[in-house]
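Protein chains: 2
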Amino acid sequence: MALPKKPVTGMKDILPGEMEIRDYVQKAVREIYGKFGFTEIETPVVEHIENLTSNQGGENEKLIFRILKRGEKLNLETARNSSDLTDSGLRYDLTLPLSRYYAAHMNELPSPFKALQMGNVFRADRPQKGRFRQFMQCDIDILGDDSNLSEIELISATTTLLTHIGFEKFTVKISDRRILKAMAAYSGFPEEEYDKIFIILDKMDKIGIEGVREELLKAGYDKTNVEKYLKLFGSEKTGTDAIGELKETMKDHLPEGTAESLMSIVDCVNAVKTGNFSISFDPTLVRGMAYYTGTIFEITIDEFGSSIAGGGRYDGMVERFTGNKVPACGFSIGFERIITMLLDRGFKVPGKEKKAAFLIEKKITGERLNGIMKEAAEKRKEGYTVLCAKMMKNKKFQKDNLEAAGYTEIVEFFDK
Amino acid sequence: MALPKKPVTGMKDILPGEMEIRDYVQKAVREIYGKFGFTEIETPVVEHIENLTSNQGGENEKLIFRILKRGEKLNLETARNSSDLTDSGLRYDLTLPLSRYYAAHMNELPSPFKALQMGNVFRADRPQKGRFRQFMQCDIDILGDDSNLSEIELISATTTLLTHIGFEKFTVKISDRRILKAMAAYSGFPEEEYDKIFIILDKMDKIGIEGVREELLKAGYDKTNVEKYLKLFGSEKTGTDAIGELKETMKDHLPEGTAESLMSIVDCVNAVKTGNFSISFDPTLVRGMAYYTGTIFEITIDEFGSSIAGGGRYDGMVERFTGNKVPACGFSIGFERIITMLLDRGFKVPGKEKKAAFLIEKKITGERLNGIMKEAAEKRKEGYTVLCAKMMKNKKFQKDNLEAAGYTEIVEFFDK
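Quick note, the sequences are listed as chains A and B, same order. In this text, residue positions in the first sequence follow this note's numbering: the first is 1, and each later residue adds one. In this text, residue positions in the second sequence follow this note's numbering: the first is 1, and each later residue adds one.
In case anyone wonders, no lab produced these hints; they're calculated from the structure. Please read these numbers as outputs of a predicted model, since none were measured by experiment. Beta carbons: idealized from backbone N, C-alpha and C, even for Gly. It cannot be assumed that every hint is accurate.
Footprint (simulated), chain B over chain A, 3 or more residues, beta carbon under 8 Å [claimed, not checked]: (1) 4 to 11; (2) 206 to 215; (3) 271 to 283; (4) 389 to 395.
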C-alpha cells in the first residue's frame with residue numbers, strides 16, 4: 001500500500017513560487033519592523049494545555065490540536081475525557097505564548113520590550129477555501145509601556161510595512177474597548193449583557209443599523225435602551241471630532257483620558273503618515289478577543305472590505321502568569337491573506353539576481369568535470385546563481401522549466 | 001493560581017541575542033544555497049501518522065509527538081491503544097515530509113529538483129543539556145538526479161556555507177552504504193546480521209579497532225570472518241587510493257561503478273574547494289538511518305570531533321509514496337549545534353546599522369509629539385533604526401539596556 005502523499009487535512013505544502021513571495025514578505029517584515037526597533041523572538045509551537053485553555057483564546061480554545069501524553073503519563077484505563085490524555089497542545093496564536101515568554105524572561109529583557117514574532121499557529125477549523133489549519137502569524141507587541149506611544153508606533157510600523165510591500169488605499173479603524181463599554185453603560189444595558197450586545201454590534205458592516213436594531217430587540221433588550229444606544233452611532237461627525245462628541249455625550253461613563261488618548265493617536269498617525277491610507281475612529285469596531293482592555297484597531301483594504309491586520313491593548317494577560325499587571329499592546333498582520341492577495345495580483349519578487357544553469361552530460365568525469373565545477377564556483381563568486389544539473393533525456397522540458405524559473409543563461413556541456 | 005510561565009518540558013524560548021544569530025545563519029543559508037540553485041519550500045509540521053510510522057525513521061519513530069483525534073473521530077470507549085487515539089503527529093525530520101511533498105507535486109516541480117528546507121522538527125527525547133524536543137533542521141536535497149553531480153553539489157554547497165559563517169578546519173567523511181555492505185559480504189557475514197555489525201562498527205571512533213574486535217567476537221561472530229573484516233580497515237592508504245585498494249580486494253562484491261563514483265566525488269570536491277577543510281574516505285562511516293541506499297557523508301569539526309552535518313543518498317523513499325523509484329540525495333546541517341557553537345565563541349553578527357533611541361516623556365502630546373515622531377520617520381528613511389519609547393522612571397536602567405542592545409545615539413525629549 002502506498003503511503004498518503006497529500007498533506008494532512010486542512011494543511012498545505014508550499015510550492016517554490018509561493019515560497020519566494022513568503023520569503024520576500026518575511027524579509028520586508030524584518031527590515032521595516034527592525035527599523036522601528038522591534039526585536040525578533042520565538043516561542044515553541046507546543047504550549048502547556050493549561051495556558052491554552054485559560055479562557056483567553058475565545059473560540060480558538062475549541063480548535064486546539066492536543067498532543068497525547070507519552071510513556072507512563074498516558075493511562076488509557078483511567079482516562080475519562082480528552083483532557084486526561086493530553087498535557088500540551090499546538091498554540092492557536094502568538095499573543096498568549098508571548099505573555100508567558102515575557103513573564104518568564106522579564107528580567108533579561110529591555111523595558112519597554114518591543115517584540116517581533118513570525119511563526120506558525122494551528123487551529124482545527126473546518127477546512128475551507130483560503131483558510132488553513134496551520135498558518136503563519138506575524139505580530140509586533142510592546143510590553144511594559146502604558147503610554148499611547150505604543151499604539152502610535154504599532155500603527156506607524158504596520159502601515160509603513162503595508163505601504164512598502166505595495167498596498168495602498170487602506171483604512172485603519174480605531175476605537176477603544178472602554179468607549180465600547182461606556183456606550184453600552186450610558187444606554188442603560190446591564191454589564192453582564194455587554195458581550196452579547198457587542199456580538200450583535202459587530203455585524204453592523206453586514207446588516208446595517210436597521211439589522212442591528214432588529215436583532216437587539218429580538219434578543220429582548222429594552223426599546224428605550226436600544227434607541228439610546230443606536231443614536232450614539234448616528235453622528236455626522238468624523239475622526240477626532242466624533243470622539244470628542246461621544247465624550248461630551250457620555251461624560252462620566254468614560255474613564256478620564258480615554259478620549260484624549262485616542263484623539264492623540266489618530267492625530268499623530270495622520271501627522272507622520274506618508275503612505276496612501278487613512279485612519280478613522282469607528283465606534284462599531286468590536287474585535288472579538290476577550291483579552292482586550294483598551295485601544296483596539298484593525299486595517300481593512302478599501303477595495304475588498306476585508307481586514308488584513310488587527311490588534312489592541314491587553315493589559316491583563318501577563319498578570320495571569322506573574323500576578324503583576326504589565327501594560328501590553330500588539331498588532332498582528334494577516335500574513336496568509338497578504339500572501340494570497342499578492343499571489344492573486346500576480347506579484348513578482350523584485351530585483352532577482354543573474355541566474356545561469358549548467359547542464360552536464362552524465363558521462364563527463366575527471367578533469368573535465370572538475371573544470372566545469374570550478375567555473376560554476378567562479379561565477380557564484382561573481383554574484384551569479386549557478387545551478388549545475390545532470391542533462392536530462394527530455395532536455396526541452398528541462399530547459400523550459402529552468403527558463404520559467406528565471407535562468408536566462410543555459411550552458412550545455414557535452415562529452416567530447 | 002498563576003499559569004505556568006516556563007516553556008513545556010524540553011522546549012525553549014529564544015531570547016533576542018540568540019535570535020539575531022539564528023536570523024543571521026538563516027539568511028546566510030538562503031543566500032549561499034540560493035547561489036547553488038536550491039529553491040526553498042515548506043511542508044506542514046503536522047504529518048500523517050501512517051507516514052511517520054512507516055519504518056523509515058529508525059529510533060525517531062519511538063519519539064513521535066502524537067496529536068489527538070478530534071470530534072467524532074475520537075472514541076475513548078473503543079480505543080485500546082494510543083494508535084486508536086491519533087491520526088497525525090509532529091514530524092521528526094524533514095526528509096520524510098519532503099519525499100511525500102515530491103511525490104504529491106512532482107509534475108509541478110523542475111527535474112532535477114533542488115530543495116532547501118528550514119523548519120522545526122520534534123522528538124520526545126529524554127531532556128538533556130543542549131538537546132531540545134523542538135529544534136530547527138536545515139536540509140538541502142536533490143531529487144530526480146541519479147548522477148554523482150548531486151553529491152558534489154550538496155557537499156560543495158554545505159562546505160561553502162560553513163566556510164562563509166566562519167568555520168574552518170573541518171573534515172568531510174564520505175563512504176557508501178554499498179561499500180559497507182560489500183565489506184561485510186566479502187568477510188563472510190550473513191546479510192541479516194549486517195545492521196548489528198554496523199552498529200558495532202559505528203563505535204570505532206570511541207572504542208578503537210580492538211574494542212570493535214572484542215564486541216564482534218562477544219556477539220558470537222566467526223573469528224575468521226571478524227579478522228578478515230577488520231583487516232579491510234587496516235589499510236595504510238588514504239583518500240581515493242584507499243577506495244581503489246578496497247575495490248581491488250573485494251572485486252565482485254562491490255556493484256560496478258561504486259568505487260569510481262566515490263573517487264570522482266572526492267576528487268572533484270578537492271579540485272573546487274576554496275575553504276580550509278578536507279574530504280576523506282572513511283570506511284567506518286555508518287550513518288544510522290535505514291533509508292540510505294548509496295553514498296553517505298558527514299562533516300566533523302576537527303577541534304571537537306563532533307558531527308555538524310550529515311547526509312546521503314536515499315533512492316527508495318519517494319517510491320513508498322508513488323510506486324516509482326526516484327533518485328534522491330540530501331545533506332542536513334546541525335542548525336542548533338552550529339548556533340550553540342557560535343554562541344559559545346561569543347559570535348557577533350557583523351554589519352549592524354546605525355541605531356538611535358528616542359526617549360519621550362509621557363506628558364508630551366500634540367504638535368510636539370507629532371514633530372518628534374516625524375523626526376523618527378525621517379531618520380528611518382535615512383537608514384537608521386529608531387526606537388521610540390516612553391521615558392521610564394528608572395532611566396539609567398533603560399539607557400543601559402539600550403546601549404547593550406547597540407543603540408549608540410540616545411536622545412531624550414522632555415516636556416518644556
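Hints versus structure:
1. 4 to 11: Our answer is that it holds, as 6 residues pass the Cβ test (under 8 Å) against chain B, meeting three.
2. 206 to 215: violated (count 0)
3. 271 to 283: It holds: at least three residues are needed, and the segment 271 to 283 of chain A offers 3 whose Cβ sits within less than 8 Å of chain B.
4. 389 to 395: holds (count 3)
Violated hint for the displayed structure: number 2, the only one.
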